[in-house]
Each structure stands twice: as C-alpha cells, then as structure tokens.
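Peer 1: For the record, the sequence lines run as chains D and E.
Per my numbering, residue 1 is the first one in the first sequence, and the count goes up by one each step.
Per my numbering, residue 1 is the first one in the second sequence, and the count goes up by one each step.
Quick caveat, the hints were computed from the structure, so don't treat them as lab data.
Note that the Cβ used here is the ideal one computed from N, Cα and C, for glycine as well.
Don't take every hint at face value.
Now the stretches of chain E that chain D is said to cover, found in silico as 3 or more residues with beta-carbon under 8 Å [what the hints assert, rightly or not]: (1) 182–189; (2) 192–198; (3) 211–219.
Quick partial rundown of chain D residues pointing at chain E, CB under 8 Å, derived from the structure [stated by the list, open to error]: (4) Gly66; (5) Gln67; (6) Ile69; (7) Thr70; (8) Ala74; (9) Ala78; (10) Arg79; (11) Ala94; (12) Tyr98; (13) Ala104; (14) Arg106; (15) Leu112; (16) Arg165.
List time: in silico DMTMM-like cross-link candidates among lysine to aspartate or glutamate, alpha-carbon distance up to 20 Å [to be verified]: (17) Lys135/E with Glu201/E; (18) Lys213/E with Glu201/E; (19) Lys213/E with Asp113/D; (20) Lys73/D with Glu201/E.
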Amino acid sequence: MSVVPVLELIDVSRRFGGLRAVDGVTLSLGRGISAIIGPNGAGKTTLFNLISGLLPPSAGRIQLHGQDITHLKAHARARLGMARTLQIKSVFPALSVYENVWIAARQRYRPLDPFGLWRRDRATAAEAEAALEEVGLTGCADMAAGSLSYGDVARLEIAMALAQRPSLLLLDEPVCGMSPAETEQAVALIRRIGERTDVVIIEHDMEVVFGLAERIVVLAQGRVLADGPPAAIAADPAVQEAYLGQGEDEEEAVHG
Amino acid sequence: MSVTAINRTLTAVLLAVLVAAPWVLPMFEAEFWLAITAEMLIWGLFAASANLLFGHVGLLSFGQALYFGFGMYGVAIGVDRFGLGFWPALGLGIAAAVAMAAVAGVFAVRLTWHYFAIITVVFSLIFYFLALRLKPLTGGDDGLSFAPPPVARFGDVTLSLGDETVQYLVILAFAVAAFAFQARLYASPLGRAFAAVRESERKAALLGIDVLKVRWIAFVIAGGLAGLAGALFAFYGRYASATYMYYVVSGEAVIWTIVGGTGTLLGPGIGAALLTLVREELSTVWEHYLLVVGAVVILTVVFAPRGIAGAWNAALARLPGVRS
Ligand SMILES: Nc1ncnc2c1ncn2[C@@H]1O[C@H](COP(=O)(O)OP(=O)(O)OP(=O)(O)O)[C@@H](O)[C@H]1O
Ligand SMILES: [Mg+2]
C-alpha cells in the first residue's frame, strides 16, 4: 500500500556563499511526531526555513501531501495547512495576546474582509479562545504580547500555530527558555497535539526528544546522518560521534 | 469610564463644534477661522494617508504628495479642460490618485524601510518634474486655475463653493466620512492584517497573510485618501499646482502624523491642525517659524513617541477610575 507522504524533500540543498547549510537532503516526514536533532549549526533551522518557504532552496524539490510547493511563498504554504513556530520566538508584540491568536485563526476565512468588525466575529473568537485555553494562556488574553515572559511567548506561538488548524506543525526548539515545570507542560501539550496533527520538532533537549518522537532524524553539517526510531538512534555510534564535544548532558541523554 | 468611552465622547463634542463653527464663529467676529479650519481638515486627511501606511502597516512613505497632486490635477483638469461638474471632477481626482497608487504600489510594496521611503520619493519626484514640463496640460510653474462648478442644485437653490459656509461644510462632510471610513477599516479583519504586517512581516506570512497584497491594498487606500485631500484642496484653492507634489509636502504629512500620534485615528488630524496653525500664525510674525516646528517634532519624538494622541491616551489611563 502506498501512502502519500505528508512532506517530501527531494535532494534539497541551500548554500550561503560557500557554506552548504543544507546539503542534498532527501527525506519523507510526517505521520505522528518526528524530531530533527543535530549539533548547533547542523542546518536544522535552515531546513525548516526551506520547508516553510522563508528561504528558497538552492536546489531540490519539496512536496506537501504530494503537491509540489517548492516555488510557493510562505503564506501560500501556510494556507495549505503548514504551521510553524520560530526558534527566535516571534509574535506581534504591540497587539494583545488574544489579538495575536485571533489573527492566526482568522486566516482561514476571508482574512482581508474590510467591512466586518473583528470584535464581532464570534466564530473566530471561539477558535482563538480555544487555542489560548489549550496552551493555558487564557488568563493573559488581554496583556500585550510583548510583555509576556519568554516561556509564555513560546506558548503563545504554539497557540497561534494551533489556531491555524494545521495538518503539519513544525516546532523549532519549542521548550527553549522554559522552566522545568513549563517544559513538562509543553511536552504534554505537544503530545496531545501529535494525536491529531503531524508534528516535526527540532529540539536540543534529549529528554524531550526521546519522550515525544516516534522517529528521529539526525542532521550534521547539512546532511542526514541517521534516521530511525529512538532506540536505533540512541545506539548509533555515528550519532554519538556527531555529538562528541557537545556537552555532557546531551551525550548522557543519548546514551540513556 | 474607559479611555475609549472618553475619547468617543470628546470626538462627538469635537464633531458638534466643527458642525456648529459656521454659525458660532461669526458671533465672535472670527469668520476667517472657517477657512483655516477647512484647510486644517484637508491637511489632516492628507496626514491620515501617511499614517495609514506608517502607523498601521509600518511603511514610511515620503511620497504621499504625489497622490495629493493627482487628486488636485484630476479636479483642475476635469473642470478646466473637460468641463466636468463638481462630483465627476472629484471622482476623477480620486480615481487618478488611486490608479497612480495602484501602479506605484506594485513596485513600492516590495521594498521596506528606507528603500520603500526612497522609491516613494523617486516616484513623486518623477511626476513633479513631469508636471512642471507638461505645461499645456498642467500649466507648469503657474499651475492651473479654474472656476469651481456648483456642488448641487435644488430647484432655485444652488450650493456653491463661493459660499464660505457651503465650502466649509462640504469639506467637513468629506473629512468626517473619510475618518469614519478609517475607523471602520482599522476595526475590520483587514485592519488586523495591517497590524500583523506592521508588527512582523515574517510572522504574518507564516500565518498565511499575503504580505505584499496587504501592503498593496493599504498603499492604494492611502493613495485614495491623499487623492481625496488633494481634490478637496483644489476646490478650496480653485487651482492645482505642481508645488504640492514636491516631496517636502509629503514630509509634512509624516511630521504631522508623528507629532499628532502615529497609529491613532485622529492623531494625524491633531498634528496637522496644530502645525498648520503654527505655520499660519507664526510665519506672519517670524520668518524662522520652522525652528518652532523642528523643536515641536524633536520634543514629541523624545518625550511622547506616540505623539499627542498617544500621550493623551496614556495620561487618561493614569487617571483614577479610568480603564485603559
Ligand atoms: N541567512 C543566513 N545567512 C548566512 N548563513 C546562514 C543563514 N542562516 C543560517 N546560516 C548558517 O547556516 C548554518 C546552519 O544554520 P542553522 O540555523 O540552520 O543551524 P541549526 O541546526 O538550526 O543550529 P542551532 O541548533 O544552533 O539552532 C550555520 O552555519 C549558520 O551560520
Ligand atoms: Mg536552529
């Protein structure tokens, strides 16, 4: 039986001058929660930029649900059901938390309507409130997004992505900057999301990665070094090699 | 009370004062203020066009005078060359500005920040020099004078711009309509898309917002507002001139906006009113009045970055018993 892959990368490369940040990556992603790991500078975020359309690839093709999206702009990919959070957390700082999520939710229904009153749009309001509820930010709805703590900004970004009702969610280091308690909540949240949406997560925290992912892709120097279930990745000597000098905790996590 | 409620009440009071002005001013033998107020309304509208782009979409335009000029020439050429009546000439002025903005916008919205500012200046300079050259059409240096056609006829009654009160009320009606339109626009889903693009273009795109399209729409609407202001100004002055297409005029719109309150509804109007007042009153007694304007701008930028309207809102919110 052949299933159309959620996301298909075919020999995708991206150069910055002489640097091959992403170097001939062929991957099929999606179905449940997968993780992309790799040392700093491995090209993980660049790969997300190529997938989400923030950067054009230097070579290769990208398909979403079997449709070629290589030349689509970021907003068009979002409309096809792709949502993404950024490594350097980004929201609309001067707008309220609620407005941030409302804008995300409204993009599926006449987003540029100049006649309606946004405050009166009940349907979008309900979706925005549900997304805030899901990440536990209901109490901050009226605060300016720019005044949130770093961990809350990260949660707001996830709420915005959820309000988009994506079929594929890309999370770039979602728990970075969160306290241990916040991390635990975020992991539970991502696990819940993974039950209804395909998720790809970039993460350095190996506890989080091994706790969530059904499949792990290891990237090093822009190439796929290893790809498989967590147990196989943990036992892979090449992966341990790539992480050497990366810091004790992470190494231990890979071993454990 | 909330800040919004207080501001709504004050706006209603302001509106009532403006409507009553033609009958109240003569009581104080101050009729000449009517013409000055009319001019303030027009410049307020013009500043609102710069504010739409800068305060709401995050694009700093130094070229809004181009669309103001197209509005002016649309009216002047319409009346003088084609013999159009008031409404068709007004329509022609606005249409010319909107069409020009639609074309220039295609190029301009691809750029941001100083590149955007530069391309808007370049467009306006091109047409400024073109207007100076095309003497047969535009009157070149001398400009184009015309006798304004009547606004409307009801049986024997003719509403003519020659009547100060009629002229003032016509301008007021258009200004009120244009500000009401903006209030509605900013409260719409499109208004939220404007804000998203202003706050973070990248995030907006990732949410599915077509950033270039949103910017283009804003650019065209802003062109229309500037065009309306220019068309009204042509009727008010009974002429059109390339001088008003110069980029210095565009810069004034930006200054009025910053002083009045970027991103607020009435701020540009307040800034325009205040600084045209400074210009009208002070320039007669002191030729270096621009120093005062400069000082006002510097003081606002340093002490009230959100302008007079922004400082006012912040002050209100600090009052006991007022919700923000
Ligand atoms: N826009 C850019 N211009 C030039 N070089 C870039 C650009 N973006 C990324 N790079 C380079 O490409 C390489 C890969 O960067 P990338 O951000 O994709 O790594 P990463 O795997 O996400 O790392 P980290 O774990 O630190 O986030 C790095 O060497 C980086 O300096
Ligand atoms: Mg990264």
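Peer 1: Decide, hint by hint, whether the structure agrees.
Peer 2: Status of each hint after checking the structure:
no., hint, verdict
1, 182–189, "holds (count 5)"
2, 192–198, "holds (count 4)"
3, 211–219, "holds (count 4)"
4, Gly66, "20 Å, violated"
5, Gln67, "16 Å, violated"
6, Ile69, "14 Å, violated"
7, Thr70, "17 Å, violated"
8, Ala74, "4 Å, holds"
9, Ala78, "4 Å, holds"
10, Arg79, "5 Å, holds"
11, Ala94, "6 Å, holds"
12, Tyr98, "11 Å, violated"
13, Ala104, "5 Å, holds"
14, Arg106, "6 Å, holds"
15, Leu112, "5 Å, holds"
16, Arg165, "11 Å, violated"
17, Lys135/E with Glu201/E, "43 Å, violated"
18, Lys213/E with Glu201/E, "12 Å, holds"
19, Lys213/E with Asp113/D, "13 Å, holds"
20, Lys73/D with Glu201/E, "13 Å, holds"
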